[in-house]
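Taken in order, these protein sequences are the chains called F and V.
For the first sequence, the residue numbers in the working numbering are 1 to 399.
For the second sequence, the residue numbers in the working numbering are 1 to 399.
Some hints could be false.
You can't tell identical chains apart in this list, so a pair holds if it fits in one copy or across any two.
[Unchecked claim] In silico PhoX-like pairs for lysine-lysine, Cα to Cα no more than 25 angstroms straight-line:
(1) K278 / K292
(2) K84 / K8
(3) K292 / K396
(4) K12 / K341
(5) K341 / K396
Simulated from the structure, these hints should not be mistaken for laboratory data.
Since the model is a prediction, treat every value here as computed from it, not as a measurement.
So you can see what is in the structure, the chains are spelled out below.
Protein chains: 2
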Amino acid sequence: MYRGLVEKLVQKNDSKILLAVIDGLGDISIEELGGRTPLEAALTPEMDRLAAGGALGLHIPIARGITPGSGPAHLGLFGYDPVKYQVGRGVLAALGVGFKLQHGDLAARINFCTLNEKGIVTDRRAGRISTEKCVELVEMLVDIRIEGVVTFVLPVKQHRACVVFRGNDLIDDIGDTDPGLVGHRPVPVTGSDESHRIVREFLQKAGEILKDCNPANFILLRGFALHREFPSIEERFGLTAAAVALYPMYRGVAGLVGMDIMKCSPEDTTGQAKAVKKALQGGHDFIFLHHKPADSAGEDGNVQAKISAIEKFDRALPSFLESGFDVVCITGDHSTPCPMKLHSWHSVPVLIHGGPQRSGYSSAFSEKQALAGALGSFMSTEIMPLLLASAGKLAKFGA
Amino acid sequence: MYRGLVEKLVQKNDSKILLAVIDGLGDISIEELGGRTPLEAALTPEMDRLAAGGALGLHIPIARGITPGSGPAHLGLFGYDPVKYQVGRGVLAALGVGFKLQHGDLAARINFCTLNEKGIVTDRRAGRISTEKCVELVEMLVDIRIEGVVTFVLPVKQHRACVVFRGNDLIDDIGDTDPGLVGHRPVPVTGSDESHRIVREFLQKAGEILKDCNPANFILLRGFALHREFPSIEERFGLTAAAVALYPMYRGVAGLVGMDIMKCSPEDTTGQAKAVKKALQGGHDFIFLHHKPADSAGEDGNVQAKISAIEKFDRALPSFLESGFDVVCITGDHSTPCPMKLHSWHSVPVLIHGGPQRSGYSSAFSEKQALAGALGSFMSTEIMPLLLASAGKLAKFGA
Numbered sequence: 001m002y003r004g005l006v007e008k009l010v011q012k013n014d015s016k017i018l019l020a021v022i023d024g025l026g027d028i029s030i031e032e033l034g035g036r037t038p039l040e041a042a043l044t045p046e047m048d049r050l051a052a053g054g055a056l057g058l059h060i061p062i063a064r065g066i067t068p069g070s071g072p073a074h075l076g077l078f079g080y081d082p083v084k085y086q087v088g089r090g091v092l093a094a095l096g097v098g099f100k101l102q103h104g105d106l107a108a109r110i111n112f113c114t115l116n117e118k119g120i121v122t123d124r125r126a127g128r129i130s131t132e133k134c135v136e137l138v139e140m141l142v143d144i145r146i147e148g149v150v151t152f153v154l155p156v157k158q159h160r161a162c163v164v165f166r167g168n169d170l171i172d173d174i175g176d177t178d179p180g181l182v183g184h185r186p187v188p189v190t191g192s193d194e195s196h197r198i199v200r201e202f203l204q205k206a207g208e209i210l211k212d213c214n215p216a217n218f219i220l221l222r223g224f225a226l227h228r229e230f231p232s233i234e235e236r237f238g239l240t241a242a243a244v245a246l247y248p249m250y251r252g253v254a255g256l257v258g259m260d261i262m263k264c265s266p267e268d269t270t271g272q273a274k275a276v277k278k279a280l281q282g283g284h285d286f287i288f289l290h291h292k293p294a295d296s297a298g299e300d301g302n303v304q305a306k307i308s309a310i311e312k313f314d315r316a317l318p319s320f321l322e323s324g325f326d327v328v329c330i331t332g333d334h335s336t337p338c339p340m341k342l343h344s345w346h347s348v349p350v351l352i353h354g355g356p357q358r359s360g361y362s363s364a365f366s367e368k369q370a371l372a373g374a375l376g377s378f379m380s381t382e383i384m385p386l387l388l389a390s391a392g393k394l395a396k397f398g399a
Numbered sequence: 001m002y003r004g005l006v007e008k009l010v011q012k013n014d015s016k017i018l019l020a021v022i023d024g025l026g027d028i029s030i031e032e033l034g035g036r037t038p039l040e041a042a043l044t045p046e047m048d049r050l051a052a053g054g055a056l057g058l059h060i061p062i063a064r065g066i067t068p069g070s071g072p073a074h075l076g077l078f079g080y081d082p083v084k085y086q087v088g089r090g091v092l093a094a095l096g097v098g099f100k101l102q103h104g105d106l107a108a109r110i111n112f113c114t115l116n117e118k119g120i121v122t123d124r125r126a127g128r129i130s131t132e133k134c135v136e137l138v139e140m141l142v143d144i145r146i147e148g149v150v151t152f153v154l155p156v157k158q159h160r161a162c163v164v165f166r167g168n169d170l171i172d173d174i175g176d177t178d179p180g181l182v183g184h185r186p187v188p189v190t191g192s193d194e195s196h197r198i199v200r201e202f203l204q205k206a207g208e209i210l211k212d213c214n215p216a217n218f219i220l221l222r223g224f225a226l227h228r229e230f231p232s233i234e235e236r237f238g239l240t241a242a243a244v245a246l247y248p249m250y251r252g253v254a255g256l257v258g259m260d261i262m263k264c265s266p267e268d269t270t271g272q273a274k275a276v277k278k279a280l281q282g283g284h285d286f287i288f289l290h291h292k293p294a295d296s297a298g299e300d301g302n303v304q305a306k307i308s309a310i311e312k313f314d315r316a317l318p319s320f321l322e323s324g325f326d327v328v329c330i331t332g333d334h335s336t337p338c339p340m341k342l343h344s345w346h347s348v349p350v351l352i353h354g355g356p357q358r359s360g361y362s363s364a365f366s367e368k369q370a371l372a373g374a375l376g377s378f379m380s381t382e383i384m385p386l387l388l389a390s391a392g393k394l395a396k397f398g399a
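Next up, chain F with everything else stripped away, as it sits in the complex (with noise of 0.2 angstroms):
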């Protein structure tokens, strides 16, 4: 894709445009289904209605071979370069709490663990704490004081927490604390750079502050990170767009690229479809609907759950759609095969319905009858121009 050519064509119109991501949705054969994908196994009326009057093809989400993590997958969604607009973990993680990062922040990553009287690590994870213990530690924390930055530790999920330093000039080259292995100590913070310092203070006041805790009484950093502002969607492509995930990673990754984030109940079709249907009426015409079941189930190799995620969301779409939306694209963003318990590198089934389709060979979705798709095989940062002209939001290129 030529850079910066569909910003140029971008036009203004009220359509409204629905991305529905099935996280994970790309499967491989499954000799329990007969050598079927769960997508090809799964009872999909609904979506099997779109792809009869849509057009069908196969996204790479970002190159052939390469196996993507949720951060660059959904990148290439939006339309970003997902190598170009890379994300390092730290932010990743404050972002996914919904914290509000400023450019130029430093963030990481924390896990509580376990030193013994050595002060060598014996647990990474401090025997996986519960979410309200980790909330309670995190509460010890954030009085911590660093002269030349602004502190932030914010709490994620059982041992995992992160850290975010407001400051100037800081750089992220710092290598992680965590020795990746029982049976050493945390990797110390050498350089001589004023961030290296702040780094090194931090560690220290938090070993002094949770020296009696048991077992979590240290932490581990990884994942340093600065942000930096990416370019909004609604600059590159002339979209008012709200996010209506669940998951703080995939909220995270939103806000990144300026989505509105909407407030909706976790684990609920019905409160997913109530929030879609405000971002619409609030104004938005570009939304994100993310769906994660399926991804979990392809990480646990357990086919029917997978199966029953897809059809979860397929008795569910009525739902999302009846608010109304010119264009409607279904996809994943990446493949997560049962049998191999991880994401992976192959490509992930495309629907598109509305506006002007071209048919295919196609009469249902998934992803043998995507290869025989209208659209083909093309990279995810494609998917975003072909729902722009589908929409009638990209004039003519040239005279």
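Given the coordinates of chain F, assemble chain V onto it according to the supplied hints.
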């Protein structure tokens, strides 16, 4: 493909990869085969079995419409951008005979030729002298001494030899002396650089030595090229690679990317199978196996010979596989359609078996089946990331 992305994600493991190249594999519809291609017409039960359990696609060697030489075609298969990593013919010739080129060496191809008494070229190949005669003539030239460089002259095959100059600051901006047609004098080497002076002196001394030989009484030089070292396949992809190839050219290209070149007896698949086994036992985890006869048959326009060559490879396939590979890729370096008797730009069928693969609509190995395969069409340089991913040798990109 993003430059350098794959290299950053490489993770080593014990998986073994076979890249089997049937040279010139791709073809087009042939009337005498009822519109089928030789690969479609050939009986290939072994490859069809792998196809049914693997993933198929088509690779584009350089770019759509571009016909590759064997050098760039193979570099693409090895994951090297063939336009970025260009190799001159002189360099390929020297590598092809196993000469250990050093960075900065200037190499050129030699053709022994026949001049008449007026110095006009009457035969550009000196009557295709025997390889024994070639060796004999080269023996006469190896003692040429030129100030400022060390000179190596190497026999290749029949009327073909090559020359390498080793010195400082040599350049390869030197035109062919081969006029390309009989009835003309050799093209003189003009230019005032030290390298021009060296080549002129070499030609003059060679002319004196050969002047009474018949029919090979002079030489023509072509394809001047400086050797530059490429990053090795080990550095880039973490692979300990070996080449099982009978022809010098392919051994040369494999050597260029740092593969170990296995000894094996010529024209004999049993010998090749032994070499494959030995390479694996020697600790190699990536084997490049080259099979030449299909290309030669294509260049001869001999449809039945091409079918036989493909069938011969198929019969030998179990012997190549019995050493134990986790991932097997079978493809060609380019198409050599029989009706064209030439290399062509047409895409080339690719079969990947092993590792988690998605199935498409294909159930046998052919151009048409590959069109309906799960992998779609892609650039030859994308094969290596797909193989690494299939073998579990690539980590996830981003969180």
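Here is how each hint holds up against the structure:
1. Taking CA atoms no more than 25 angstroms apart as the test, K278 paired with K292 passes inside one copy only; the shortest distance there is 21 angstroms, against 48 angstroms between copies.
2. Taking the shortest alpha-carbon separations for K84 and K8, both the intra-copy value of 19 angstroms and the inter-copy value of 15 angstroms come in at or below 25 angstroms.
3. With identical chains, the CA atoms of K292 and K396 are at most 25 angstroms apart between copies only, with a shortest distance of 19 angstroms across copies and 37 angstroms within one.
4. In this assembly of identical chains, the alpha carbons of K12 and K341 lie at most 25 angstroms apart only when taken from different copies (20 angstroms versus 42 angstroms within one copy).
5. When the C-alpha separation of K341 and K396 is checked against a cutoff of 25 angstroms, the pair qualifies only between copies, where the shortest distance is 13 angstroms, while the shortest distance within a copy is 44 angstroms.
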